[in-house]
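With chain A fixed as given, assemble chain B onto it according to the hints.
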Amino acid sequence: MWEKLASIDRRVIYALMIFVLALALLRPIGLAIVPSAETKKVYDYIESLPPGSIVYLGFDFSAGGIPELMPAAKSVIRQGFKKDLRFVAVGMWEMAGDMADMAFNAVLKDFPNKKYGVDWVNIGWKPGGEVLLQKMLTSVNEAAVGVDFYQNKLDDLPLMSEFKTLKDAKMIITFVTGTPGEKEYIRHVTSPYKIPFAISCISVSVPEIMPLIQSGQILGGILGMKGAAEYEVLVGAPGSATAGMDAQSFSHALIILFIILGNIGYIRTRKK
Amino acid sequence: MKKEVPIVMGFILGISIIAGVFVTGVPWLTTWKNLLDEWFLVVQAWAVAVGVVNLTQIHSRRVSQKREGWFYSVWLMICMFGMIVFGVFIAKSPQNEGWRWMYNQLIAPMNATVYSTLVFYIGAAAYRAFRVRNLEATVLLVAAVILMLGRVPLGKVLLGGTWIEKTADWILNVPNSAGMRGIQLGATLGAIATALRILVGIERGHLGGTGE
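Those sequence lines, one after another, are chains A and B. Straight run, no breaks: the first sequence in my numbering ends on number 272. Straight run, no breaks: the second sequence in my numbering ends on number 212.
Extracted from the complex, chain A is given alone in its bound form (with noise of 0.2 Å):
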């Protein structure tokens, strides 16, 4: 018995899993979600700035992604939108423009005066990776070959005007899951040029961001669906991480759980 504790067939733990995770996501309990420092120092500097700024969007992740940084990316925009922020979403990315475009229409249902070209644009994918930031410092019309993600000229988009580079920025702010990222905007933009830089990133590489957030390179973190689901409170609007974290939670249990009954096989097995 204790044999079949230590090992148990990993097929039983996918199935388990499964079925936590489908009863979780469709009937939610609605577990409380208290917002962390590091989600609240992002809230609250998108607070103080003032109407009309504009804000940088690095859509740097793909579908992968989607789950734990949609949300959060939904929420940022929401949040600006109220607040008469404007945006230019880019990404490293090849995925960059197909995200925004996504994020931005669930958000515009509820902001049916917002215009693109004046209020918001989606620049979509431009490759180079860090070079495309460097090159965005000089010239962003020049960087993105003169077009955005629907083929517009940048010419023609009013807000475009008033952003010529990267510099014009009051914040930037990426939805991130790997490299290109975080590093190349505190390499090449954020800290030479001293634009203030928050972060949404996936669970896993929260444990890398720490280190930065402390350093001060990165004002505040949208850490994982944790940190979207705060968000999402914070902006008054619950959505998928809200219901996410119930998920997340009982998986987490349910992990937990294995490695008790797998210790408890081990240490009997042992001392046989």
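Just so you know, not all the hints are guaranteed correct.
No farther apart than 20 Å at their CA atoms in a straight line, the calculated lysine to aspartate or glutamate pairs in the DMTMM-like style are these [unchecked claim]:
(1) Lys2(B) - Glu203(B)
(2) Lys40(A) - Glu165(B)
(3) Lys33(B) - Glu130(A)
(4) Lys164(A) - Asp110(A)
(5) Lys92(B) - Glu94(A)
(6) Lys164(A) - Glu203(B)
(7) Lys82(A) - Asp101(A)
Simulated restraints on C-beta separations [what the hints assert, rightly or not]:
(8) Glu47(A) - Ala129(B): 38 to 44 Å
(9) Ser64(B) - Thr138(A): 45 to 51 Å
(10) Ala112(B) - Asp9(A): 22 to 28 Å
(11) Ile260(A) - Val200(B): 54 to 60 Å
(12) Asn105(A) - Thr56(B): 19 to 25 Å
(13) Val88(B) - Thr138(A): 30 to 36 Å
(14) Gly179(B) - Leu137(A): 30 to 36 Å
(15) Val200(B) - Leu137(A): 54 to 60 Å
(16) Thr269(A) - Gly14(B): 29 to 35 Å
(17) Glu47(A) - Val43(B): 41 to 47 Å
(18) Thr188(B) - Arg270(A): 31 to 37 Å
These aren't lab readings, by the way, just hints derived from the structure by calculation. This one's a predicted model, so the numbers in the text were calculated from it and none came from an experiment. Cβ atoms here follow ideal geometry from the backbone N, Cα and C, with glycine treated the same way.
What follows is chain B alone, placed relative to chain A:
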């Protein structure tokens, strides 16, 4: 000459980029660096074409030699060339409905699915790896359990109070940050050393050789 010319080119271009980033107030240097940045963008775009050629060579060989799983290589090439032909000759624009459908309904869900499966692997791996084998493994196990409970709302509900959350934050902010800083500093110093070795021609692996 086959080795010397690329080394000299690498040295001149590498030093130009370093000087362009760190030296300010020299207009010709800035212009030169901006030009190199543009070249980089062009070279990077063409690297995709090199990648396509490379993938085709590797997978054609697998198919012709009927190696294990050769049919996956056939499928890869059908998908790769299918997207290229459709994109270049039929869609001709990223806004084409068919093109966007392929991207949003095929690539995006597949990408998300691959990432989502991690939860199952991580769950099974945690069950097998976190055992009280020795002191180090036990410390790792305790830290993992505290973080797993401290980073979700259920932790507070099960254990009461905020101590679990505070302990998880302490682990992230103190021992984790200290370790990560060490790793990042070490990796950066290593990257600088490797870059210098490439610039001065000591490291030649990228030229097709075997190093020194």
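Here is what the structure says about each hint:
| no. | hint | in the structure |
| --- | --- | --- |
| 1 | Lys2(B) - Glu203(B) | holds (15 Å) |
| 2 | Lys40(A) - Glu165(B) | holds (16 Å) |
| 3 | Lys33(B) - Glu130(A) | holds (14 Å) |
| 4 | Lys164(A) - Asp110(A) | violated (29 Å) |
| 5 | Lys92(B) - Glu94(A) | holds (17 Å) |
| 6 | Lys164(A) - Glu203(B) | violated (41 Å) |
| 7 | Lys82(A) - Asp101(A) | holds (19 Å) |
| 8 | Glu47(A) - Ala129(B): 38 to 44 Å | holds (43 Å) |
| 9 | Ser64(B) - Thr138(A): 45 to 51 Å | holds (49 Å) |
| 10 | Ala112(B) - Asp9(A): 22 to 28 Å | holds (27 Å) |
| 11 | Ile260(A) - Val200(B): 54 to 60 Å | holds (55 Å) |
| 12 | Asn105(A) - Thr56(B): 19 to 25 Å | violated (37 Å) |
| 13 | Val88(B) - Thr138(A): 30 to 36 Å | holds (31 Å) |
| 14 | Gly179(B) - Leu137(A): 30 to 36 Å | holds (33 Å) |
| 15 | Val200(B) - Leu137(A): 54 to 60 Å | violated (29 Å) |
| 16 | Thr269(A) - Gly14(B): 29 to 35 Å | violated (57 Å) |
| 17 | Glu47(A) - Val43(B): 41 to 47 Å | holds (43 Å) |
| 18 | Thr188(B) - Arg270(A): 31 to 37 Å | violated (42 Å) |
The structure does not agree with the numbered hints 4, 6, 12, 15, 16, 18 stated previously, though it agrees with the rest.
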